[in-house]
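Once you've looked at the hints, dock chain B against the given chain A.
Line by line, the protein sequences are chains A and B.
FYI, this note's numbering numbers position 534 of the first sequence as 534, with every residue one higher than the one before it.
FYI, this note's numbering numbers position 79 of the second sequence as 79, with every residue one higher than the one before it.
Hint data in this document are derived by calculation from the structure and do not stem from the laboratory.
Heads up, a few of these hints could be off.
[Claimed, not checked] Computed list of lysine to any residue pairs in SDA-like fashion (alpha-carbon distance at most 20 Å, straight line):
#: 1; chain 1: A; residue 1: 498; chain 2: B; residue 2: 118
#: 2; chain 1: A; residue 1: 121; chain 2: B; residue 2: 366
#: 3; chain 1: B; residue 1: 288; chain 2: B; residue 2: 195
#: 4; chain 1: B; residue 1: 291; chain 2: B; residue 2: 195
#: 5; chain 1: B; residue 1: 114; chain 2: A; residue 2: 497
Fair warning: this is a prediction, and the values are worked out from it, not measured in the lab.
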Amino acid sequence: MELDVVELSRLQFAMTAMYHFLFVPLTLGLSIIVAIMETVYVMTNRPIWRQMTKFWATLFGINFVLGVATGITMEFQFGMNWSYYSHYVGDIFGAPLAIEGLMAFFLEATFVGLMFFGWDKMSKVTHAVVTWLVAIGSNFSALWILIANGWMQNPVGAEFNPVSMRMEMTSFFEVMFNEVAQAKFVHTVSAGYVTASVFVLGVSAWYLLKGRHTELARRSIAVAASFGLASALSVVILGDESGYSATHTQKMKLAAIEGMWETEEAPAHFNLIGAPNMEERETQFALKIPVVMGLIGTRSLTEEMPGINDLVDEAEDRIRDGIIAYDALMDIRAAKADATPEMTARFEEHSDDLGFAFLLKRYVEDPRDATEEQIAQAAFDTVPGVPQLFWAFRIMVALGFAFVAVLAYFFVRASFYNMRFPRWSLWMAVIAIPTPWIAAEMGWFVAEFGRQPWTVDGVLPTALSVSNLSVTQVALTLAGFVTFYSILFIIEMSLMVKYIRKGPYMDVAETDAWTQKHNDRLSGRGDSSVQPAE
Amino acid sequence: MILHEFMDFEVLRVIWWLLLGVLLIGFALTDGFDLGVGALLPFVAKTDVERRVAINTVGPVWEGNQVWFILGGGAIFAAWPPLYAVSFSGFYLAMFLILAALILRPVGFKYRSKRESETWRSAWDWALFVGGFVPALIFGVAVGNVLQGVPFYLTEDLMPMYEGNLFGLLNPYALLAGLVSVAMLVMHGAAWLVLKTEGIVAHRARIFGTYAALVTIALYVLAGLWLAAGVDAYAFTGEVVTDGHSNPLLSEVEKGGSWMAAYASRPWIAIAPILGIAGAALAFLGFKAGKEGWTMIASKLSITGIISSVGLTMFPFILPSSIEPNSSLTVWDSSSSHLTLFVMLVSAVIFVPIILAYTAWVYKVLWGKVTAEDVLDNSDSVY
Numbered sequence: 001m002e003l004d005v006v007e008l009s010r011l012q013f014a015m016t017a018m019y020h021f022l023f024v025p026l027t028l029g030l031s032i033i034v035a036i037m038e039t040v041y042v043m044t045n046r047p048i049w050r051q052m053t054k055f056w057a058t059l060f061g062i063n064f065v066l067g068v069a070t071g072i073t074m075e076f077q078f079g080m081n082w083s084y085y086s087h088y089v090g091d092i093f094g095a096p097l098a099i100e101g102l103m104a105f106f107l108e109a110t111f112v113g114l115m116f117f118g119w120d121k122m123s124k125v126t127h128a129v130v131t132w133l134v135a136i137g138s139n140f141s142a143l144w145i146l147i148a149n150g151w152m153q154n155p156v157g158a159e160f161n162p163v164s165m166r167m168e169m170t171s172f173f174e175v176m177f178n179e180v181a182q183a184k185f186v187h188t189v190s191a192g193y194v195t196a197s198v199f200v201l202g203v204s205a206w207y208l209l210k211g212r213h214t215e216l217a218r219r220s221i222a223v224a225a226s227f228g229l230a231s232a233l234s235v236v237i238l239g240d241e242s243g244y245s246a247t248h249t250q251k252m253k254l255a256a257i258e259g260m261w262e263t264e265e266a267p268a269h270f271n272l273i274g275a276p277n278m279e280e281r282e283t284q285f286a287l288k289i290p291v292v293m294g295l296i297g298t299r300s301l302t303e304e305m306p307g308i309n310d311l312v313d314e315a316e317d318r319i320r321d322g323i324i325a326y327d328a329l330m331d332i333r334a335a336k337a338d339a340t341p342e343m344t345a346r347f348e349e350h351s352d353d354l355g356f357a358f359l360l361k362r363y364v365e366d367p368r369d370a371t372e373e374q375i376a377q378a379a380f381d382t383v384p385g386v387p388q389l390f391w392a393f394r395i396m397v398a399l400g401f402a403f404v405a406v407l408a409y410f411f412v413r414a415s416f417y418n419m420r421f422p423r424w425s426l427w428m429a430v431i432a433i434p435t436p437w438i439a440a441e442m443g444w445f446v447a448e449f450g451r452q453p454w455t456v457d458g459v460l461p462t463a464l465s466v467s468n469l470s471v472t473q474v475a476l477t478l479a480g481f482v483t484f485y486s487i488l489f490i491i492e493m494s495l496m497v498k499y500i501r502k503g504p505y506m507d508v509a510e511t512d513a514w515t516q517k518h519n520d521r522l523s524g525r526g527d528s529s530v531q532p533a534e
Numbered sequence: 001m002i003l004h005e006f007m008d009f010e011v012l013r014v015i016w017w018l019l020l021g022v023l024l025i026g027f028a029l030t031d032g033f034d035l036g037v038g039a040l041l042p043f044v045a046k047t048d049v050e051r052r053v054a055i056n057t058v059g060p061v062w063e064g065n066q067v068w069f070i071l072g073g074g075a076i077f078a079a080w081p082p083l084y085a086v087s088f089s090g091f092y093l094a095m096f097l098i099l100a101a102l103i104l105r106p107v108g109f110k111y112r113s114k115r116e117s118e119t120w121r122s123a124w125d126w127a128l129f130v131g132g133f134v135p136a137l138i139f140g141v142a143v144g145n146v147l148q149g150v151p152f153y154l155t156e157d158l159m160p161m162y163e164g165n166l167f168g169l170l171n172p173y174a175l176l177a178g179l180v181s182v183a184m185l186v187m188h189g190a191a192w193l194v195l196k197t198e199g200i201v202a203h204r205a206r207i208f209g210t211y212a213a214l215v216t217i218a219l220y221v222l223a224g225l226w227l228a229a230g231v232d233a234y235a236f237t238g239e240v241v242t243d244g245h246s247n248p249l250l251s252e253v254e255k256g257g258s259w260m261a262a263y264a265s266r267p268w269i270a271i272a273p274i275l276g277i278a279g280a281a282l283a284f285l286g287f288k289a290g291k292e293g294w295t296m297i298a299s300k301l302s303i304t305g306i307i308s309s310v311g312l313t314m315f316p317f318i319l320p321s322s323i324e325p326n327s328s329l330t331v332w333d334s335s336s337s338h339l340t341l342f343v344m345l346v347s348a349v350i351f352v353p354i355i356l357a358y359t360a361w362v363y364k365v366l367w368g369k370v371t372a373e374d375v376l377d378n379s380d381s382v383y
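Isolated chain A, as found in the complex:
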């Protein structure tokens, strides 16, 4: 593969985004787990819960800071590497980003300082509120960024303006309540909760295996297993919702995930595994399960789901239509102020397909000069890499179900078996620590790679979205990011390991004093000022 500016910019974006998303899910989930623990502390007054809060908050902090730092890159990169994209859709895409700053970033960033520095400066309840505000801020930010991303997948509430040569917003309401965005939001934050739960579970299991900090570890497992199980179920259900909405918003992505080349009679079968082949345009050695895909995709037994080949034919029609839109646009531009209503009407009739004409820009300067071969080629370009999507999706889904099983197991042991965990299960929890990250990265891969060749589905091709930069410039920053991020990753991991090995700071005298009072109270001689809720 020859690396031009488009490929390098994509590589850089993928690299920095996936790196950023190493830290985000843990932030989303651990902020809530810490807030839950602190709430228990406020309600019960038991020192162990404060020690738990502080311990997990320390790990949260080490992770949070890299999420913040690498997030700045994400915001800058649209302008730096994707300037035509920024011009073309900034009117819609920029708004949720700015609102994210106003509503979410300020909240989490202003209070995260107090969360760490404010323990002695305010009451217990106030501090717990501060911790919750950090958690809420983090989760709000996921909402707005997914509204922005949801619009790239399903660009509603906007239309093309031929004078300003860009998409402009027609309904903020539609952008905000985009069905794709809403399903994605819950799916993504739930995935974050699962990530944090598996992390807390794994670290605690390691303490139990080593016989260290068992009080903290058992309670942490109880929180992680119950919170995690609910979240893992939510991930699977909302993932299904995303699949359902893709049936009518992103048919090509869905067909590619399925490796479904031909339209089948309803209800379609599900290819459990197989070997999709882009050259032969078929999925070989497929292990088929009847009916299931039709049920997932359409929730009916009669609705048909289009296959890749039919969708390519559809794309070819839209390219031809887009060429008419492009021609009308050029007429309007040439006429300047004298554009007639007929010109505008002709453009508006075909403007929905303008983006498809832009697909030809890879092959020819003026889409109107395109040959039949080029049109056919551009139409086939609308098929994303089927084998990659096919497998990434299956890995993600398999892990998703595995999380439900593991967390359910620990939930049952914690609830009904008096918190006794066999050693093999503890080892399993330790080994499971990295797996939610794999699932999350696969999920983003399916979402973004599956949208190719578009940055905004059906509106703006990726190849057209880039900045006018030289290969050297992008190669230089890509190398810079790789080096810089690798060093930071090593440093972050080493600190995480150091603080996990070090364990929580336990104030023994405080714990003993509390236990003494607690026992006194239970035996009826107690001083009434201590009233634990348990």
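Okay, now just chain B, sitting in the frame of chain A:
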């Protein structure tokens, strides 16, 4: 949605131009002292404890402060998409340097004191210095370039094409503007350290602050004189439509004349440079007299004046093009659509007061000086 029709497009554009200024000033007033403290760190604090004291004065607040910057970027993207597209891609490598510096900074704050090793800590101290000094310099250099016009043009499809390079940005006038920015933020950082620390760190910060205030005045006046004498301005030549669709190519612009003409047509804007100079002079007196609170306020006034003076002088220009003036971005042709500006204004009106309220509360909770005892007693939880 039809509500937005009740506000003129023209008015919304001016409001968003003002809000852009408010965000940049908000950033300079809050994150500005963090950057200044970073740039001063190796010089005002020598021992490990001194450095931890200095770092912990900004420890609890830098994250919130930095959001002013992130929101500034987001607001430019949302309200002025062409400006975002042209400047971020045009200043590509400079942007990368800012990014690298701004990534080092948070990590430096958080990780520095998490290991005992001296090498580890001193490496992060230098990272914090770079993270403070480099952005302060580059922001000023960027402003210096904007005043002179930037070598870009827009194609018929409004694709930004940039003809310059990193070294072209480092021209003498831009470097002077960069130094104004560094001096101004060092003054601000020193004022913060004097307010938040005591003893030797405060003493050293006071000395640096005194000089920084003087240097700010001298360099700012020099930059103003140079702007009057040696930098070409930009002006519309044809008819100006203030409420049309955003397309910079539809208006005609000419390079020539002086930016100082703005002061003849709108004399009231002179208040901005006067505030810039008077604020720094008051800060100088404040450092001398040991009036900590007043010094901080004076420093804020000076920064507000200096940044406003740039915007007010250039209005309605935002980013002039030196090679094809017709491509220049102005308030009237580089904004988002009418509806988007309105939606964003509504969210700003709702959230900005809330943000200001809780930010004020956080600063109130954290009120008071940071001492060596604070740092050593809470060694595990602070930076």
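Looking back at the hints listed earlier, which ones does the structure fail to meet? No hint contradicted; all consistent.
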